[in-house]
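Asks: Sequence:
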Amino acid sequence: MTNTEPVTPTPTAPAAQTLADLRRVTNEMWPADTAESWDRVGLVTGRDAAPLRKVLLAVDAVAATVDEALAWEADALITHHPLLLRGIHTVAEDTAKGALLASLIRGGCALIAAHTNADQPAGGVSDVIARRLGLVGAVPIVPHPADPEIGIGRVGKLSAPETLRAFAERVALAMPSTVSGVRVAGDPDRLVQAIALLGGAGDSLLDNPAVRGADVYLTSDLRHHPAQEALELYAVAGGPALIDVAHWASESLWLEGAAAVLATRLPGVEFRVSTLRTDPWSFSVGARPSDAPGAE
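Using our numbering, you'd call the opening residue of the sequence shown number 428 and step up by one each time.
What the hints contain is simulated information worked out from the structure, not anything from laboratory work. Honestly, I wouldn't trust all of these hints.
[Stated by the list, open to error] SDA-like, lysine to any residue: derived pairs with alpha carbons at most 25 Å apart:
#, residue 1, residue 2
1, LYS584, VAL606
2, LYS524, ALA490
3, LYS584, LEU512
4, LYS481, TRP708
5, LYS584, TYR661
6, LYS524, ALA491
7, LYS584, LEU632
8, LYS524, ASP642
9, LYS524, GLU576
10, LYS524, ASP494
11, LYS481, TYR661
12, LYS481, GLY684
13, LYS584, PRO636
14, LYS481, TRP465
15, LYS481, SER464
16, LYS524, ARG692
17, LYS584, ASP642
18, LYS481, ASN635
19, LYS524, GLY535
20, LYS584, ASP574
21, LYS524, ASP466
22, LYS481, GLU463
23, LYS481, ALA498
24, LYS481, ALA621
25, LYS481, THR517
26, LYS524, GLY561
27, LYS584, ARG559
28, LYS481, HIS516
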């Protein structure tokens, strides 16, 4: 007698992934050729044939995040900031970078950097900030020459004007808390709507026309002299209020979305975002409002 009962197919397990698959997908999401010419992105250490089961994402490749990756037995660590951005001449283990590389190699954990190539696309660092703040019609401040839809920074509008103080409070709610918080230069009662922003250090764009035409420029690591000179110029020729947030905070918002997309592209691999705050500052004392005009 022939058995005519239907046969239920056995579910096919996802194919085993390797580091080569992670390199391919990260380059598709954040092409290396869109990085700035001075940048150093992509694979720092690792072997293409190595199995890939767990990947940790973090802003910084520092001892704390490397230890976190190794304790979790991650096969790869993806960081925003490159470990080897500037030239080094030794990887001796009595140097900070040499010790980190040795730990990663001994622990079988690869390291990949996605820096300015991850700043540029939809879902990139600045794009995520613009979405979190509710900007409408956000476009790059500096479009990429090969594709104007992507680029550095974002400039867009709030759906309705609000005071600078209200917008700064919106920023504070969107960002993870840090010791330095949100610093503001401008009249707290000024109405603002056009917002320019750049995740990470952004004083190089203080004189950009898109920034000059905005009501607020939000970025990180604003140094004393560039910020002061810009404000003096803006007082004469017009320009935005300035909002300065912690570098780590502005770039950390990108990680969750990046991990979620990677998980859909590489089934069977577990992706986790580091819970560590690698902002370098531990505490502050003596902070009080400025006595500058317009401050409280």
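Asks: Find the hints from earlier in the document that the structure breaks and name them by number, from lowest to highest.
Replies: Of the numbered hints, 1, 3, 4, 8, 9, 11, 14, 15, 16, 18, 22, 24, 25, 26, 28 do not hold.
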